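S.K.: Residues per chain, in single letters:
There are 6 protein chains.
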Amino acid sequence: MPYVNIKITREGATAEQKAALIQGVTQLLVDVLNKNPKTTVVVIDEVDTDNWGVAGESITVRRARGE
Amino acid sequence: MPYVNIKITREGATAEQKAALIQGVTQLLVDVLNKNPKTTVVVIDEVDTDNWGVAGESITVRRARGE
Amino acid sequence: MPYVNIKITREGATAEQKAALIQGVTQLLVDVLNKNPKTTVVVIDEVDTDNWGVAGESITVRRARGE
Amino acid sequence: MPYVNIKITREGATAEQKAALIQGVTQLLVDVLNKNPKTTVVVIDEVDTDNWGVAGESITVRRARGE
Amino acid sequence: MPYVNIKITREGATAEQKAALIQGVTQLLVDVLNKNPKTTVVVIDEVDTDNWGVAGESITVRRARGE
Amino acid sequence: MPYVNIKITREGATAEQKAALIQGVTQLLVDVLNKNPKTTVVVIDEVDTDNWGVAGESITVRRARGE
Chain A
1 MPYVNIKITR EGATAEQKAA LIQGVTQLLV DVLNKNPKTT VVVIDEVDTD
51 NWGVAGESIT VRRARGE
Chain B
1 MPYVNIKITR EGATAEQKAA LIQGVTQLLV DVLNKNPKTT VVVIDEVDTD
51 NWGVAGESIT VRRARGE
Chain C
1 MPYVNIKITR EGATAEQKAA LIQGVTQLLV DVLNKNPKTT VVVIDEVDTD
51 NWGVAGESIT VRRARGE
Chain D
1 MPYVNIKITR EGATAEQKAA LIQGVTQLLV DVLNKNPKTT VVVIDEVDTD
51 NWGVAGESIT VRRARGE
Chain E
1 MPYVNIKITR EGATAEQKAA LIQGVTQLLV DVLNKNPKTT VVVIDEVDTD
51 NWGVAGESIT VRRARGE
Chain F
1 MPYVNIKITR EGATAEQKAA LIQGVTQLLV DVLNKNPKTT VVVIDEVDTD
51 NWGVAGESIT VRRARGE
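Chains as they are written, first to last, in the numbering used here: chain A, 1 to 67; chain B, 1 to 67; chain C, 1 to 67; chain D, 1 to 67; chain E, 1 to 67; chain F, 1 to 67.
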């Protein structure tokens, strides 16, 4: 029954990579807590780099500096 | 004062259907908990089927199998 | 497959009232969008009145004024 | 280490305005709780006006009435 | 920079199990998307069984039936 | 109409500090985006240090090392 929300910046994650996140975190919940994978829900949000901030700056600004 | 977030897959819900969700869940909170509808906020997120997983698989994969 | 999060202030909602919210919003998603209730997940968060703000004030302060 | 999620309707907020929100809320957490800005994360979600409801109506409908 | 929120029912997960979830999902984001673990944030919410619903029923009710 | 969710570790924030966060972020949305404070909602979640991870470790473990 777990619900997992993964937020990442929108920077080209492929459908295959997103499928690997869904498969991996569902299995993690089986391994650690014996949760039923059939009712484990995973939602991935991809967020524009203008809309994500760390250390008071947007990721857009940080990427422009090469970080 | 309640806040409700409804997440569904992005598969063509119309503005009318989304308005019905907003109206319906606001009324539910009036009926069950006598909450003031004027300050009840509802946010609907529509999520790409590649970004939603159940049972370790994306909805894209499940839809391709006819589920 | 929908996921619904309902946030309310922690002011004594009973198990019966929370069950009514779960039942009601699950049925709403069946009625409006024909969603499968078996995989509809609802999570209710009850939030302390010190931790909820509207109009720049906590609910604790508003309740103390009789609002 | 705080995490802040700001949800607003998608109505033309500029990159500069979003940068101001990121900077401002990060500083607020320094000022009030002495939180380390380096690990403060801010995510801004812009939500379509059809997908945001207040008082049982979508923002689209309210804007059409001039509200 | 990813942010991960894991919601589970409050049914006795230990600090060691929660540490394993934090470690595991952080590593998953390194393996799949090469994300920097130093700025990966994980928040686990434990939700009372009265407050979690599936298929229109609370987990409390489902557990009482032996599910 | 904005909705803001602030997540911090549960480490003794006072009602006064939480009121300052509510007041400050509501004012920020007025200043930056001219949002109506009357319908701005703020929810603060305080999360146990066992349930919050950064860099693959819980905050409990990091605090024990003096970080």
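It cannot be assumed that every hint is accurate.
All copies of an identical chain are treated as equivalent in the list; a pair is satisfied when it fits inside any one copy or across any two copies.
Within a straight-line C-alpha distance of at most 25 Å, the following computed DMTMM-like cross-link-like pairs (lysine to aspartate or glutamate) qualify [claimed, not checked]: (1) Lys35 <-> Asp45; (2) Lys35 <-> Glu11; (3) Lys35 <-> Glu16; (4) Lys38 <-> Glu57.
Quick caveat, the hints were computed from the structure, so don't treat them as lab data.
As the structure is a computational prediction, the values presented were derived from the model and not from experiment.
S.K.: It remains to establish, for every hint, whether it holds in the given structure.
M.R.: Hints versus structure:
no.: 1; hint: Lys35 <-> Asp45; result: both (23 Å within a copy, 15 Å between copies)
no.: 2; hint: Lys35 <-> Glu11; result: between (31 Å within a copy, 11 Å between copies)
no.: 3; hint: Lys35 <-> Glu16; result: both (24 Å within a copy, 16 Å between copies)
no.: 4; hint: Lys38 <-> Glu57; result: between (39 Å within a copy, 10 Å between copies)
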